[in-house]
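Asker: The listed protein sequences correspond, in order, to chains D and Z.
Quick note: the first sequence uses this note's numbering, first residue 159, plus one each step.
Quick note: the second sequence uses this note's numbering, first residue 1456, plus one each step.
Because the hints were derived from the structure by calculation, they are not lab data.
Computed from a predicted model, the values in this text were never measured in an experiment.
All C-beta atoms, glycine included, are put in the ideal place defined by N, C-alpha and C.
Errors might be hidden in some of the hints.
Restraint ranges, calculated between C-beta atoms of paired labels, are given here [unchecked claim]:
#1 2028(Z) - 268(D): 52 to 60 Å
#2 2009(Z) - 176(D): 43 to 51 Å
#3 172(D) - 1542(Z): 38 to 46 Å
#4 190(D) - 1508(Z): 50 to 58 Å
#5 270(D) - 1740(Z): 20 to 28 Å
Partner residues are not named here, just some residues of chain Z that face chain D (Cβ under 7 Å, in silico) [stated by the list, open to error]:
#6 1469
#7 1473
#8 1516
#9 1524
#10 1587
#11 1716
#12 1719
#13 1725
#14 1731
#15 1735
#16 1799
#17 1806
#18 1898
Where chain D lies over chain Z, by a calculated footprint (3+ residues, C-beta under 8 Å) [claimed, not checked]:
#19 1974-1986
#20 2062-2072
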Amino acid sequence: MTGVDRGPTRSSSVVAVAAAIVAFLLSGPYDWVALAASGLGVALVAVGVLTGRHAPVTAGSAGLVVGVLAGAVANTPPLFVLGGAVAAVVAWDAGGTAIDLGNQLGRGAGTTRLELVHVGSTALVGVVTAVGSLALYRTGLGRASMAVPMLLVVAALCIAVALTVGSE
Amino acid sequence: MNRSGLLAVAGVLAFGLGLATLAVPGLVALGAEGAVLVVVGLLALVQIVRVGRARYRGQIRRAGTADAELSADVESPGADLGAVLDEFDPDGYRYAQGGRRRSQLRRVAVEALTRSDDCSETEARERIATGIWTDDPVAAAFLAEDGGDDLPLLSQLGSRLRSRLRSRLTTESAYQRRIRRTTDAIAAVTGLPPGPATADSAAGFRSRSRLASIGQRLTGDVETGEPPSAWDDTDQSRRRSTGHWRGVSAVALVGITVGVLAEQATALLVGVVGISYAAYARSTTPPSPTLSVERTLSPETPSPGESVTVTVSVTNDGDRTLPDLRLVDGVPPALSVVDGSPRLGTALRAGETVSYEYAVEARRGSHAFDPVHVVARNLAGTAERERTVSPAEATPIQCVPPLEPVETAVPVRRQPTGLTGRAKTDIGGEGAEFFATRPYRPGDPLHRIDWNRRAKSGDLATLELREERSVTVVLVVDASDGAAVGPEPREATAIDRSVDGARQAFTALLDDGNRVGVAALADGDCWIPPGAGEVHRTRVRELLATDPAFAPGRRPPSPSFYAWFSRLRRRLPGDAQVVLFSPLCSDDAVLAATRLEAHGYPVTVVSPDPTSRQTTGNRLAAVVRRFRMADLRSGGVPVVDWGWDDPLAVALARSTRRWSR
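Bound conformation, chain D alone:
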């Protein structure tokens, strides 16, 4: 034996790339910018899980989010926007998990159950959010006054600052 193969674990890598492709398919067809950004995103996520580095995975997922947003601005149906956003986050999470798990346990170890639980719970959070916000959207967020999104921005800001302060 020459060494421990600490490459990213296979199943999570496959999930990451598959999720990235889903995000690409859901947002790409609606806009040129979306096509370019999410295409680049898929490529970067793939590079990241092949080389075992976090930075390309993060950058690629950011590209996917940009693609989804560009698609949203170009009037992609809300279901696709939600699906794309969740898929982008799942790609990021699965890619990072594959890299960390690969580094700690390597490819030779049996890790399927752990990966299933982790990716499954991330996907579940995404699906619940998507269903909830789709319901919200149908009730008429699209026609509400600007005060609502404004308040949501403030809410997001506060929570984001709280998170960055809290995790330091």
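Given chain D, put chain Z in place with the hints provided.
Answerer: Coordinates of chain Z only, in the frame set by chain D:
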């Protein structure tokens, strides 16, 4: 409540108010929407930049795990060229870096010339100063007194230009190249075969690895913790927040900002997804796993080379599910995994047990397992806790190889005791081999009379046969830190070889009716007095297999030589002789041999050769080992040079043939 808590509460309030406004339009009315929009947008932008920077700068942190699968690393002799050269400090005072190495190499060259060409020290210095000691112009110029400065200016310039060019093309600097060529020239003087002609990367000096620092920079976005073997206290548990979800709030911010600015409600949905993941990631309490581990081995006492199946069962004794559990079993450092993996990633419900297995290849020794390294993360993967868990019952792998004699006579020095045995003496008497003739004395047995001579000359003469008596031998195995070296990384060390040799020699000597004892040149107290019989044989077999002094897979502590030596001298019987197994990679072994010889114990050295020809440092270490062998031989101590790939019998046969010539 701290700042982050307040902010979170404010965020939740704003979120609720937003939802309420959605349900009851007109609950909150905003005036001057454009200005507020810009202000909030700017704030959001600032925060996005902050989050992005935190993700970029703030590292992802995770527990590091050891390379449990691999057997421990083995250093090759002379891996640190500087350390080998430092033994040759001529006067002890410090030169500038370049000058010091050069004068040390000069010293090595003098030692080599005085030993192999039989010239005096002044002669050797003279030859080095004038550069006639070697055919290699680079080496000759490097060690010459003036450093080759009397070359004509033009050719000097040319050679400088050439060396510049060359160092640009290869990783080796001109200075390293000169050291390599000089070392090879010295090795040629001592009669060592030349090493590979190619330049080795960074002539073997430590702390110059540019490659390692580049690698570190490439993986710089991750901070990997130390494996348990590097912890101060393995009982303590460690927790860290991993930063796995750091930056997800940027999705929320970007989504909502784009949605507001583009007045596009669907983009807001992306923001909602971001918020929900940010909340999911907010849980940062690591789980506190209470686990019990059980480890079973089959077989528990394997023979060397046999594969041992290790089954590890882990039970979650806590009352909570562990969603993310990563385990690395503490494989004994000397053993390597041949099948499966000692690692497992799983989720465990309360009370559930999971087991997995892998196989290791057995090697000589008693191998205790290290505790299992456990890394548990929470469901979101944002926090992890590390700890070690040991099974209640620790069973080591016991591998005691059988004793097999070497197929040739072990060279013992001529030294009689009163007991009959098979070691040849210089005394005529009863035996099997012709020794001498002497005039007949009345009472000599008839069958010993030389009848041929009687028939020829009429004299009566008696044949004397070489008497064979038993000897008392103590086998001393060098198990000091200097002997824990070997030519191949992660393979056997010279200590392993020496123990193998001692085992074979012990069996052969004992079978021949000698009294044999065993000792180790080591920090610990490892000693069995000379003896004979089956009980003694079993005791020595156990000791040679499992004594901590010979434990493979770790670097032994360096023994304090004088305390060790006086202890050995007190124990050695007066009529004992010593066979020392040592790679001769440190001066301690040489000192031991010469001092024992001086105190009247005949010493034979059997030296497994752990040197390699890979780097300049390796070759220099081989040269220095040659010096030690030459010094021992000139002091009257026979040395058996045991090639790494040869069986002991071959090495012994070769040496005894040379001695008898």
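Asker: Hints first: check each against the structure and report whether it holds.
Answerer: Tested hints:
1. Residue 2028(Z) and residue 268(D) have their C-beta atoms about 58 Å apart, which keeps the hinted 52 to 60 Å range intact.
2. Residue 2009(Z) and residue 176(D) have their C-beta atoms about 46 Å apart, which keeps the hinted 43 to 51 Å range intact.
3. Between residue 172(D) and residue 1542(Z), the C-beta spacing of about 56 Å breaks the proposed range 38 to 46 Å.
4. Checked against the hint of 50 to 58 Å, the C-beta distance between residue 190(D) and residue 1508(Z) comes to roughly 30 Å, which is inconsistent with it.
5. Here the CB-CB span from residue 270(D) to residue 1740(Z) is close to 26 Å, well matched to the stated 20 to 28 Å.
6. The beta carbon of residue 1469(Z) is positioned within 7 Å of a beta carbon in chain D (closest approach about 4 Å), and the interface hint is therefore held.
7. A cut of 7 Å between beta carbons decides the hint on residue 1473(Z): the least distance to chain D is about 3 Å, and the hint holds.
8. Look at residue 1516(Z): its Cβ only gets to about 10 Å from chain D, farther than 7 Å, so that hint breaks.
9. A cut of 7 Å between beta carbons decides the hint on residue 1524(Z): the least distance to chain D is about 5 Å, and the hint holds.
10. For residue 1587(Z), the interface hint is violated, the least distance from its beta-carbon to any beta-carbon of chain D being 47 Å, above 7 Å.
11. The restraint placing residue 1716(Z) at the interface with chain D is violated, with a minimum CB-CB distance near 10 Å, outside the 7 Å limit.
12. Taking 7 Å as the C-beta contact cut-off toward chain D, the hint placing residue 1719(Z) at the interface holds, the least distance being around 5 Å.
13. Interface restraint check for residue 1725(Z): the shortest CB-CB distance to chain D comes to about 4 Å, inside 7 Å, so the restraint holds.
14. At its closest, the beta carbon of residue 1731(Z) sits 4 Å from a beta carbon of chain D; the interface hint therefore holds under the 7 Å criterion.
15. Checking residue 1735(Z) against chain D by beta carbon gives a least distance of about 5 Å; that is within 7 Å, so the hint holds.
16. The restraint placing residue 1799(Z) at the interface with chain D holds, with a minimum CB-CB distance near 6 Å, inside the 7 Å limit.
17. Because the closest C-beta pair between residue 1806(Z) and chain D is about 16 Å apart, greater than 7 Å, the hint is violated.
18. Proximity of residue 1898(Z) to chain D is violated relative to the hint, the smallest CB-CB distance being about 71 Å (cut-off 7 Å).
19. Only residues whose beta carbon comes within less than 8 Å of a beta carbon in chain D count, and the region 1974-1986 of chain Z has 0; fewer than three means the coverage is violated.
20. Counting residues of the region 2062-2072 of chain Z whose beta carbon lies closer than 8 Å to any beta carbon of chain D gives 0, which falls short of the minimum of three for the stated coverage.
The structure does not agree with the numbered hints 3, 4, 8, 10, 11, 17, 18, 19 and 20 stated previously, though it agrees with the rest.
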